[in-house]
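K.L.:
All chains, please: the whole structure from these sequences, using the hints.
Chains as they are written, first to last, in the UniProt record's numbering: chain R, 1 to 644; chain H, 1 to 644.
Honestly, the hints are just simulated from the structure, not real lab data.
Keep in mind that the hints are not guaranteed to be accurate.
Identical copies carry no separate label here, and so any pair may be met within one copy or between two of them.
[Unchecked claim] In silico lysine to aspartate or glutamate, DMTMM-like type, Cα no more than 25 Å apart, as pairs: (1) K264 with D180; (2) K270 with E184; (3) K269 with E184; (4) K198 with E595; (5) K198 with D340; (6) K507 with E68; (7) K264 with D186; (8) K81 with E58; (9) K198 with E156; (10) K167 with D199.
2 protein chains.
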Amino acid sequence: MFKVTFKFESGEDIIVFAASGENLLEVARKTNVAIDAPCSGNAACGKCRVKLMGGQLESPKTRHISDEEYADGWRLACVSKVIADVEVLVPDIASAYKSRMKAADLSSDEELRIFEEVKNRMEESGIALKNSLEVVQVEMDVPSLDDTMPDVERLERAVAAATGTSKVRVPYSVLRTLPDKLREADFRVQCVVRRTPKDVFVYDVYSMDANVRAGGLVVDIGTTTVSALIINMLNGEILAKATAGNGQIRFGADVINRIIESRKEGGQKKLQDAVIKETINPLIHTMCEFCGLEPEQIYRMCVAANTTMNHLFAGINADPLRMEPYIPAFFKSNAFFANDLDIDINPDAHIIIAPNTGSYVGGDITAGTLVSQIWNRPEFSIFIDLGTNGEIVFGNSDFLMSCACSAGPAFEGGDISCGMRATDGAIEACTIDPESMEPSFSIIGEKGQKAVGICGSGIIDVISELFRCNMISPKGKFIREGTRIRHDKYGMGSYVLAFKEDADSVKDVEITEVDIDNFIRAKGAIFSAILTMLSSLDFDISMVDDVYVAGGIGSGINMKNAVGIGMFPDIPLDKFHYIGNSSLAGAYAMLLSGEAERKVYELAQNMTYMELSTTPGYMDEFVAACFIPHTDTSLFPSVTQVNL
Amino acid sequence: MFKVTFKFESGEDIIVFAASGENLLEVARKTNVAIDAPCSGNAACGKCRVKLMGGQLESPKTRHISDEEYADGWRLACVSKVIADVEVLVPDIASAYKSRMKAADLSSDEELRIFEEVKNRMEESGIALKNSLEVVQVEMDVPSLDDTMPDVERLERAVAAATGTSKVRVPYSVLRTLPDKLREADFRVQCVVRRTPKDVFVYDVYSMDANVRAGGLVVDIGTTTVSALIINMLNGEILAKATAGNGQIRFGADVINRIIESRKEGGQKKLQDAVIKETINPLIHTMCEFCGLEPEQIYRMCVAANTTMNHLFAGINADPLRMEPYIPAFFKSNAFFANDLDIDINPDAHIIIAPNTGSYVGGDITAGTLVSQIWNRPEFSIFIDLGTNGEIVFGNSDFLMSCACSAGPAFEGGDISCGMRATDGAIEACTIDPESMEPSFSIIGEKGQKAVGICGSGIIDVISELFRCNMISPKGKFIREGTRIRHDKYGMGSYVLAFKEDADSVKDVEITEVDIDNFIRAKGAIFSAILTMLSSLDFDISMVDDVYVAGGIGSGINMKNAVGIGMFPDIPLDKFHYIGNSSLAGAYAMLLSGEAERKVYELAQNMTYMELSTTPGYMDEFVAACFIPHTDTSLFPSVTQVNL
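P.N.:
Have a look at this one:
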């Protein structure tokens, strides 16, 4: 056994022991050291870079590490073997997905306004913001020798009288402590109950003077990022909000790699633990601390996630999803309770999962469609969710059609050498001076924050600007020379946004031709999907009234630049609306409103799924879209380049 | 810390470390070394004898240890303190309650016939032996690209079609493994389901060629003894049967001491663990091994127990039961599932608990009343359950009245110096020659088994014979001299049934005046309860048509002798019927038959409870009954003594 020391830029060390010959990435995974490996350890993406600080590693050179970098100690973890005691530095960028998990400062949060809007739009469209949770106060007679009714019957009768129902259910979790609670409260209590047409379910019993809080948990499980809210179920107030990287990321960046990992010995449990125990539960505790709620005071949970994430979250074999005929275990189910899944909230809390509507169109989209409101208007609109999978829904109040395309993690900074999520240190917007070719950019974070990497909206800007400035060809190759443009020995060009000394990073923050190529494929997948879907319905772009864009790409997305690179159709910019994380917002609506929940089930049921991979013409459209902006420039009349 | 070595007659050693000054009984409890302490460690019962084999103990003399015995090393664990390394022998008799836990040999089991009778009587009284569990076979279409319905929906639809219901519930435990199971079985499966008027619940999915077994678990939790069955839910066949001492015994012999123990720090969990993890779960595994069932194949459980045992089993505060106004947490509840209580069977298995009808008349009695069938006849009958509490139900098809009296553990061998449960080595029947005063007895076990102690039915015989032979007075004091009769230095008389050299015990098997006194109180409590209840209704003994006697006292009970000591009323012997463990049989009926279950709820609802402690005259009746056979001998005309 050899001693492996993982060192971090923060100064923290994690020490473990590994057998001779063990793969360094595997050692990191076992130790819960987050090293991003979007390609799941196939030496394909080059993101799992670590720096040898002492000892030895057996590690071949790869195209991702230059000679200079290799001499400097840089290695790819996924091809490195432990052969002696060793110390490696894990740079922040290699674990950028596992961002600091902290509750958001609600006062300054942009997205909060989006949730207010969601509530308003729900009410405008006639969906009552009412759910089945409520607090009822009941006063019972104190037992005596003449009135010896058992505690539970006494409570049941009192709640039945107070709620006007005949059937009251008191679960074990409440019964277990009932004698003490009733006596402490002198038989005058407040109950958190759930009222359904069939019965009233008692979640909790408080004394009359207690400050009763009925919390709800909203979780959007993205392939890359997990976002969560704790809300007050009684009025919809957002009590806390937090975001973290999906702990599953170390098992691969995309759903296919995750499924493959889940099929290995013990893998299903590992993947489930990674998202629940390592991601969701810590988020819950962080948020509870922020808003002063006990986790047991969270009585209901809504999850929105793509179909694979749903399955891995529930610990259910997702393998049939990736193999013909691509069958999910469930679209919807009432079978999930917090207790079963080891979620640190009230054990009886029901977990509603936004319904899937296809193997690759999941609850994130059905919930998102609800908040996009495209189902509520006679005009035709497009709803696009830019995630690791790109999903597109088109339709109006009469019909809805959905499709999914594999965009890869580029929109969230994956597959991009300096890519990162839209958190502190990310370049989120950029312009380039056509003459000097010098960039100006804005960085997420406090004033003075230096660049760590670049997030999705920043990449759109950079590529759009590089093209506008005639610095790259429609194929994404560098065609001008400059101090910030360089080529490595393989001829691969790159553009440096921030040199190492100006950045908060151990290397230059740059964008390479490989990055641009990866991004072009991602945007090409989206645009060709839109076009294929519209033409299959004999629609053309001019008939689209509105485009609703959602996803973790960030509110900083510049629609003009997104059109400029050929990602979105070239229609008037005022038709584009960024609606934030619509998956999270949709789950929020489902939790808050019984009617919204039913509406999402209805939408899921009525949504037609179009399988792009078997649609004739899609591949041709995709290839044609892998240019800036497109091989057919007539589709993008507004896109122009500077005249040098 | 000192080393404490518990040595057993079996040759086994258990070694633990204890702090200086720790109480030896407490050390044993913490270590799960079963040393009976019916009095809960108050030096009152003298049952926790251990023998000092080496090292030192600080241990005062007590009235329970003679000088000779003290010199020989005998100590009471409950008054002994650890002051150095020490070795103590725990004699078998001190842990007799914790009998070998083994599945019974069904072929020779007397009680099996009782269960057959229970089934017959149920059917005769029009109660269908049908429960809600069944096995349905369903064949689904194999999914294809043209038929991409999710697995769970496919199963739900198929089960709905097969059962003719519209609502099918598939719980998480089934959903979790559904994709694998369906594919392994090629979408042709057998399901164990529960059919209710509302829906069909799917417990398990098997392939078509699997040998499906739908097991049910029946448990009678006695204060002293726990008995259990595994049955085939489809036909009522008894697949396994086993019995063990209630692991809670080390926390006290009676319910009051247990409740007090449960209120100590962590006590509720300890008491619950003692009965579930140390008693019921091992019984389940023993029985499953015996009959080749997987614990997960047990889909439903029925528990019958007194009210306190119910509460401690469920981990619910039982303290209000022992304090005015004596309020239970529940009479009945649907809230119990195996998963919540950590019972090692199918996690979704519903646990039905036979309903309590009063603080001291529990589910053991309501279930037992069902099988006694006294509710099904116009004639008036008495049903007596001889347990640590004695419960009596009187009535007919028009009314039922119940009461409870504290008999103590004497009927099961507790509170008796050489008492033990009716297992191997117990003297179960006895006659004494009036001339020679020599005993003849039969011992439970294989031929050649020597006496270890004496069980309830044996004690009845011995006391009855001692009285018949004029060896003891009506007050239970020895009045003849003989080689087997001796007196200690305090003047306490005793009668030796088997001298040490003829016994399988480290000391003589004898019955003392204290034992007789304890037993007289027990029988006096029963008889006075019967008389008080009858007279409160203006009935007298002659109007009683039948007496059904149940309880762990053993099928060997000699009714003539029971009348002879004044325990049962002096009516013709053919009116007495021993019906075995009616609590277990009742729980068996409830599990097997939905109608029987409903009937028990109905009986519980309609049973009137009479509180003896507040009934005028009961104490006088009790005092008058504490003689052999009674102060008023006219009540027992048939009881005679030999003329010497």
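K.L.:
Checking against the hints above, which ones are violated?
P.N.:
none
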